[in-house]
Amino acid sequence: GAVVSQHPSRVICKSGTSVKIECRSLDFQATTMFWYRQFPKQSLMLMATSNEGSKATYEQGVEKDKFLINHASLTLSTLTVTSAHPEDSSFYICSARPLAAKYNEQFFGPGTRLTVL
Amino acid sequence: KQEVTQIPAALSVPEGENLVLNCSFTDSAIYNLQWFRQDPGKGLTSLLLIQSSQREQTSGRLNASLDKSSGRSTLYIAASQPGDSATYLCAVRGSARQLTFGSGTQLTVLP
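These protein sequence lines map, in sequence, to chains A and B.
The C-terminal residue of the first sequence carries number 123 in our numbering, and the numbering is unbroken.
The C-terminal residue of the second sequence carries number 123 in our numbering, and the numbering is unbroken.
These are calculated hints, taken from the structure and not from any lab test.
Take these hints with a grain of salt, some might be off.
[Stated by the list, open to error] No farther apart than 25 Å at their CA atoms in a straight line, the calculated lysine-lysine pairs in the BS3-like style are these:
#, chain 1, residue 1, chain 2, residue 2
1, A, Lys20, B, Lys54
2, A, Lys61, B, Lys80
3, A, Lys20, A, Lys61
4, A, Lys108, B, Lys80
5, A, Lys26, A, Lys72
6, B, Lys13, A, Lys26
7, A, Lys26, A, Lys70
8, A, Lys61, A, Lys47
9, B, Lys13, A, Lys47
10, B, Lys80, A, Lys70
11, A, Lys72, A, Lys47
12, A, Lys20, A, Lys70
13, A, Lys26, B, Lys54
[Said to hold, decoys possible] Here chain B is said to cover these stretches of chain A; the calculated rule only asks that three of the stretch's residues, wherever they fall, bring their Cβ under 8 Å from a Cβ of chain B:
#, region
14, 18-30
15, 50-56
Here a beta-carbon is modelled for each residue, glycine too, at the ideal position from N, C-alpha and C.
Produce the entire structure from the sequences given, and follow the hints as far as they go.
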């Protein structure tokens, strides 16, 4: 149980284009979903927290107009990187917290490797 | 602001050795602490979660301890195997229920 999927697993795009990444909780409903970014040899940095049906809360330094987050349902959140640039190349990981999370646990997706040329 | 530090950044050991990974955090007002494993290019797998009121948790060959007052946690891996090779991340959950991650320890177990 508690499986989180991400799609795509890997994407390469040209500079200036937009890329959408999907995060789904497959066997549970998630009130809260989190988006993290991980640069090589570095740890995960929280980008934003989203609750179903409301606007996402972005961490300091994360541009909300560049990283659009939509938490449309209790099982789906999307992250859209708009007008992507090479510096946006990173590993993006989503995480989902179940409605009845024990100890506020959250479960992580397998990640999406974004490469912007 | 919570800061989480993991030492060492990388560790290489021969198969069969017991080893300890260290994690320290600056703000002791935590809700719980979690150890994760991350394989190259993959997401995170939760290994152990320790509540702030607990001192340790065990799962198989893994044992995690927590000393909240000193801001430290250790992950002990017994009888290491090549399959244990991965990056191990320590993460602290604060009062806002958000996770703050350390930078990880990259473990290589040599056959």
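Exercise for review: Sort out whether Lys72 of chain A lies within 25 Å of Lys26 of chain A, counting only the CA atoms.
Suggested key: The hint holds at about 12 Å.
Review point. Is the Cα-Cα distance between Lys20 of chain A and Lys54 of chain B 25 Å or less?
Key: holds (24 Å)
Review point. Quick one, are Lys108 of chain A and Lys80 of chain B close enough, alpha carbons at most 25 Å?
Key: Answer holds: Lys108 of chain A to Lys80 of chain B is near 20 Å, not above 25 Å.
Review point. Keeping to a limit of 25 Å between CA atoms, is the pair of Lys20 of chain A and Lys70 of chain A held or broken?
Key: holds (21 Å)
Review point. Holds or violated: Lys26 of chain A with Lys70 of chain A, Cα cutoff 25 Å?
Key: Given that 25 Å is the threshold and the Cα spacing comes to 14 Å, the pair holds.
Point to revise | Straight-line alpha-carbon gap Lys26 of chain A to Lys54 of chain B, limit 25 Å | key: holds (19 Å)
Practice item. Could you grab the alpha-carbon distance between Lys13 of chain B and Lys47 of chain A and see if it respects the 25 Å cut-off? Key: With Cα atoms ~22 Å apart, Lys13 of chain B and Lys47 of chain A stay inside 25 Å; holds.
Point to revise | Straight-line alpha-carbon gap Lys20 of chain A to Lys61 of chain A, limit 25 Å | key: Since the Cα atoms of Lys20 of chain A and Lys61 of chain A sit roughly 28 Å apart, the hinted pair is violated (cutoff 25 Å).
Review point. According to a criterion of three or more residues whose C-beta lies within less than 8 Å of a C-beta of chain B, is the region 50-56 of chain A covered?
Key: holds (count 4)
Check your understanding: Is the straight-line distance between the alpha-carbon of Lys61 of chain A and that of Lys80 of chain B 25 Å or less?
Key -> violated (34 Å)
Check your understanding: Does Lys72 of chain A pair with Lys47 of chain A here, judged by a C-alpha cut-off of 25 Å?
Key -> Between Lys72 of chain A and Lys47 of chain A the Cα gap is close to 24 Å, so the pair holds against 25 Å.
Check your understanding: Within 25 Å, alpha carbon to alpha carbon, are Lys13 of chain B and Lys26 of chain A?
Key -> violated (31 Å)
Figure legend: structure checked against the earlier numbered hints; hints not met, in rising order: 2, 3, 6, 8, 10, 14.
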